[in-house]
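Chains D and B, in that order, give the protein sequences. The working numbering numbers the first residue of the first sequence as 1 and each following residue consecutively. The working numbering numbers the first residue of the second sequence as 1 and each following residue consecutively.
By construction, these hints were calculated from the structure, which means they are not laboratory data. For glycine and all other residues, C-beta sits at the position ideal for the given N, C-alpha and C. It is possible that some hints are incorrect.
Interface residues of chain B toward chain D, partial, derived using beta-carbon atoms under 10 Å [stated by the list, open to error]:
| no. | residue |
| --- | --- |
| 1 | Ile12 |
| 2 | Gln15 |
| 3 | Arg16 |
| 4 | Glu104 |
| 5 | Asn107 |
| 6 | Arg112 |
| 7 | Phe123 |
| 8 | Leu124 |
| 9 | Met133 |
| 10 | Ala161 |
| 11 | Glu164 |
| 12 | Tyr165 |
| 13 | Val245 |
| 14 | Tyr272 |
| 15 | Gly279 |
Stretch by stretch, here's where chain B covers chain D in the computed footprint (C-beta under 8 Å, at least three residues) [said to hold, decoys possible]:
| no. | segment |
| --- | --- |
| 16 | 120–128 |
| 17 | 145–158 |
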Amino acid sequence: MKKRLKKVKLFDVINVLLMVAICFLMIYPIWYVVVNSFSEGTEVLKGGIYWWPRNFCLENYSAVFKNKEIYTAFGITVLKTVVGTVTSVLFTAMVAYGLSKSYLVGRKIFMVMGIVTMFFSGGLIPYFLLIKQLGMLDSFWVYIIPALFGFYNAIIFMTFFKNIPVELEESAKIDGANDFVIFLKIILPVSGPVLATIALFNGVGQWNDYFTGVIYITNEQWLIPIQTFLYKVISESSSARIVANMPASVRNSMVTSTTIKYATMVVTTFPIVCVYPFLQKYFVQGIMVGSVKG
Amino acid sequence: MKQRNSDLWKRIKQQRFLLMMVLPGMVWLLVFCYFPMYGCQIAFQNYRITDVLGSSEWVGLKWFAKFFKDPLFMQVMKNTLGISLLKLLFGFTAPIIFALLLNEIRNIKFKRVVQTLSYLPHFLSWVILGGIMITWLSDTGVINKALIAMGVLEEGISFLAKPEYFWGISVISEIWKELGWGAIIYLAAISGIDPSLYEAAEIDGANRFQRLWYITLPEISGTIAILFILQVGSIMGSNFDQIFVLHNALNDSASNVVDMFVYKIGIGNGSYSYATAIGLFRSVISLVLLLIANKVTEKLEGSSLF
Numbered sequence: 001m002k003k004r005l006k007k008v009k010l011f012d013v014i015n016v017l018l019m020v021a022i023c024f025l026m027i028y029p030i031w032y033v034v035v036n037s038f039s040e041g042t043e044v045l046k047g048g049i050y051w052w053p054r055n056f057c058l059e060n061y062s063a064v065f066k067n068k069e070i071y072t073a074f075g076i077t078v079l080k081t082v083v084g085t086v087t088s089v090l091f092t093a094m095v096a097y098g099l100s101k102s103y104l105v106g107r108k109i110f111m112v113m114g115i116v117t118m119f120f121s122g123g124l125i126p127y128f129l130l131i132k133q134l135g136m137l138d139s140f141w142v143y144i145i146p147a148l149f150g151f152y153n154a155i156i157f158m159t160f161f162k163n164i165p166v167e168l169e170e171s172a173k174i175d176g177a178n179d180f181v182i183f184l185k186i187i188l189p190v191s192g193p194v195l196a197t198i199a200l201f202n203g204v205g206q207w208n209d210y211f212t213g214v215i216y217i218t219n220e221q222w223l224i225p226i227q228t229f230l231y232k233v234i235s236e237s238s239s240a241r242i243v244a245n246m247p248a249s250v251r252n253s254m255v256t257s258t259t260i261k262y263a264t265m266v267v268t269t270f271p272i273v274c275v276y277p278f279l280q281k282y283f284v285q286g287i288m289v290g291s292v293k294g
Numbered sequence: 001m002k003q004r005n006s007d008l009w010k011r012i013k014q015q016r017f018l019l020m021m022v023l024p025g026m027v028w029l030l031v032f033c034y035f036p037m038y039g040c041q042i043a044f045q046n047y048r049i050t051d052v053l054g055s056s057e058w059v060g061l062k063w064f065a066k067f068f069k070d071p072l073f074m075q076v077m078k079n080t081l082g083i084s085l086l087k088l089l090f091g092f093t094a095p096i097i098f099a100l101l102l103n104e105i106r107n108i109k110f111k112r113v114v115q116t117l118s119y120l121p122h123f124l125s126w127v128i129l130g131g132i133m134i135t136w137l138s139d140t141g142v143i144n145k146a147l148i149a150m151g152v153l154e155e156g157i158s159f160l161a162k163p164e165y166f167w168g169i170s171v172i173s174e175i176w177k178e179l180g181w182g183a184i185i186y187l188a189a190i191s192g193i194d195p196s197l198y199e200a201a202e203i204d205g206a207n208r209f210q211r212l213w214y215i216t217l218p219e220i221s222g223t224i225a226i227l228f229i230l231q232v233g234s235i236m237g238s239n240f241d242q243i244f245v246l247h248n249a250l251n252d253s254a255s256n257v258v259d260m261f262v263y264k265i266g267i268g269n270g271s272y273s274y275a276t277a278i279g280l281f282r283s284v285i286s287l288v289l290l291l292i293a294n295k296v297t298e299k300l301e302g303s304s305l306f
């Protein structure tokens with residue numbers, strides 16, 4: 001008995017250590033970027049900054065915010081995230097509300113139409129040609145309209161709407177309200193959790209999307225979001241151009257293209273790191289609802 | 001018949017507001033999902049960018065034949081399947097093991113902290129994570145410094161410039177990003193297991209490992225099955241968002257997956273018909289794999305997607 005107790009304890013100790021190690025591996029690379037972004041450029045080039053900034057400075061950040069290219073890209077990202085999330089959440093909820101009514105005329109056809117799109121797509125090129133034909137190349141709308149709807153999210157909404165007691169709607173119906181008014185005034189106000197869940201999924205998706213900017217923005221470079229900007233800096237190793245774009249006043253030994261890259265990464269990531277721990281509840285809910293068989 | 005028709009009209013009229021809410025969504029599906037499917041016809045045509053869709057010359061299976069005969073066909077398929085199967089083997093099982101181990105942690109607070117920290121990388125984009133990987137894996141990066149300090153290496157290796165490391169890098173970095181996130185769904189499934197099952201097992205003298213093996217695993221096997229089906233359905237995909245960031249000219253022979261190839265041929269070279277044919281081939285195979293996985297798990301496990 002005693003021996004078994006000891007064995008269990010040994011397992012617990014190893015398990016806890018393993019978890020600590022996993023957390024460390026997950027977080028440390030990000031921490032590395034943070035400390036380097038607060039260090040002086042020339043020190044970073046020498047290397048060896050692992051735990052704490054060396055010659056702490058904020059110049060990298062002020063350089064980031066003085067760079068017009070980064071500044072614009074950041075603005076585009078905020079704008080597309082806000083507009084894209086709000087429109088897609090409301091639009092998807094509206095469609096899903098109609099679809100959640102089992103007596104809807106043609107519901108079966110609509111559902112099949114939607115489910116097919118979850119498992120089959122036309123592929124990159126026909127989609128690219130469509131965007132081109134719609135005149136959305138080099139347009140801000142390419143971030144918004146193609147992201148307006150998604151059937152997976154619609155199913156999450158429908159599952160939620162089906163569980164709202166009908167009595168809520170019935171009293172309004174007796175008062176002569178139409179379905180759209182009921183959706184706006186009765187359904188939306190009680191759907192806080194599911195709205196938050198989908199808004200978060202879409203918001204993070206919008207914020208992190210870099211590919212749309214790479215492929216559909218070809219000439220109007222000022223329209224690229226910050227993630228696409230970073231992609232270009234990283235993949236084309238053209239970080240030199242970040243420094244070249246700096247006003248002479250900030251070009252000094254404290255700032256190098258590497259540290260500016262790090263600082264841009266931190267600025268890009270910061271909003272997400274701030275919100276995600278508080279929203280854990282909603283994400284878990286979202287995954288669970290979504291995993292219920294459609 | 002007439003009666004039924006007028007009934008239908010009556011119902012449509014009654015539901016006009018609901019229908020007006022649903023139809024914009026259906027129009028969106030038609031434009032952004034079904035129109036590209038209709039556009040797939042250019043895979044069987046000689047499409048030039050000036051052509052109106054549907055008016056191009058039909059060429060049958062020419063582009064498919066070209067793909068199968070392409071000297072890069074073997075390379076592309078090998079990379080796609082290799083990376084995907086490794087991800088299925090390690091990337092799919094790691095979150096299950098992580099969830100089971102995390103579930104054994106007794107201290108709730110510690111458990112929650114571990115969980116929250118572990119899925120931070122999921123919320124960062126592949127550009128950020130890829131950027132970190134590129135810096136770390138360079139010949140003067142942190143990984144090389146650590147390996148040299150430990151005496152494993154004599155001098156730094158530029159890992160991302162060597163094709164032989166690419167598959168491993170792509171699998172490990174995907175685990176980094178998705179381990180904690182992937183575990184959430186299993187942890188939720190575990191917390192939904194009836195506690196009386198464990199109590200009964202404890203009375204019968206089952207130890208911790210036996211409880212895990214005979215209760216926890218069978219109870220979450222339905223969840224595992226559904227996620228497995230979805231994963232099999234994405235074997236032809238191999239996560240383009242990730243590969244696109246980590247790909248470079250030097251590791252191309254190991255990172256040239258189907259999606260990458262389609263991108264290069266279609267967007268890069270402007271061979272729209274050829275690229276569409278490859279994309280269509282990929283979509284069809286994916287669908288077939290999904291259906292097969294669905295059937296097999298239905299037989300073995302009793303869980304299925306449809």
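So, going through the hints one by one against the coordinates:
1. This hint holds: Ile12 of chain B has a C-beta 5 Å from the nearest C-beta of chain D, less than the 10 Å allowed.
2. Restraint check, Gln15 of chain B versus chain D: the minimum CB separation of about 6 Å is within 10 Å; hint holds.
3. The beta carbon of Arg16 of chain B is positioned within 10 Å of a beta carbon in chain D (closest approach about 9 Å), and the interface hint is therefore held.
4. Taking 10 Å as the C-beta cut-off, the interface hint given for Glu104 of chain B holds, the closest approach to chain D being about 6 Å.
5. Against a cut-off of 10 Å between C-beta atoms, the interface hint on Asn107 of chain B holds, since the closest Cβ of chain D lies about 8 Å away.
6. Because the beta carbon of Arg112 of chain B sits about 8 Å from the nearest beta carbon in chain D, less than 10 Å, this interface hint is met.
7. Look at Phe123 of chain B: its Cβ gets to within about 5 Å of chain D, closer than 10 Å, so that hint holds up.
8. Below 10 Å, beta-carbon pairs count as interface contacts, and Leu124 of chain B has one with chain D at about 6 Å; its hint therefore holds.
9. The interface hint given for Met133 of chain B holds, since its Cβ lies 8 Å from the closest Cβ of chain D, which is under the 10 Å cut-off.
10. At a threshold of 10 Å, the smallest CB-CB gap from Ala161 of chain B to chain D is about 12 Å, leaving the interface hint violated.
11. This hint is violated: Glu164 of chain B has a C-beta 21 Å from the nearest C-beta of chain D, more than the 10 Å allowed.
12. Proximity of Tyr165 of chain B to chain D is violated relative to the hint, the smallest CB-CB distance being about 17 Å (cut-off 10 Å).
13. Satisfaction of the interface hint for Val245 of chain B is found here, the shortest Cβ-Cβ separation to chain D being roughly 7 Å, below the 10 Å cut-off.
14. Hint status for Tyr272 of chain B relative to chain D: holds, with the closest Cβ pair at about 5 Å, below 10 Å.
15. Checking Gly279 of chain B against chain D by beta carbon gives a least distance of about 3 Å; that is within 10 Å, so the hint holds.
16. Counting residues of the segment 120–128 of chain D whose C-beta lies closer than 8 Å to any C-beta of chain B gives 9; at least three are required, and the coverage claim holds.
17. For the segment 145–158 of chain D, the assignment as covered by chain B holds, since 5 residues bring a beta-carbon within under 8 Å of that chain's beta-carbons and 3 suffice.
Against the hints set out earlier in the document, violations occur for numbers 10, 11 and 12.
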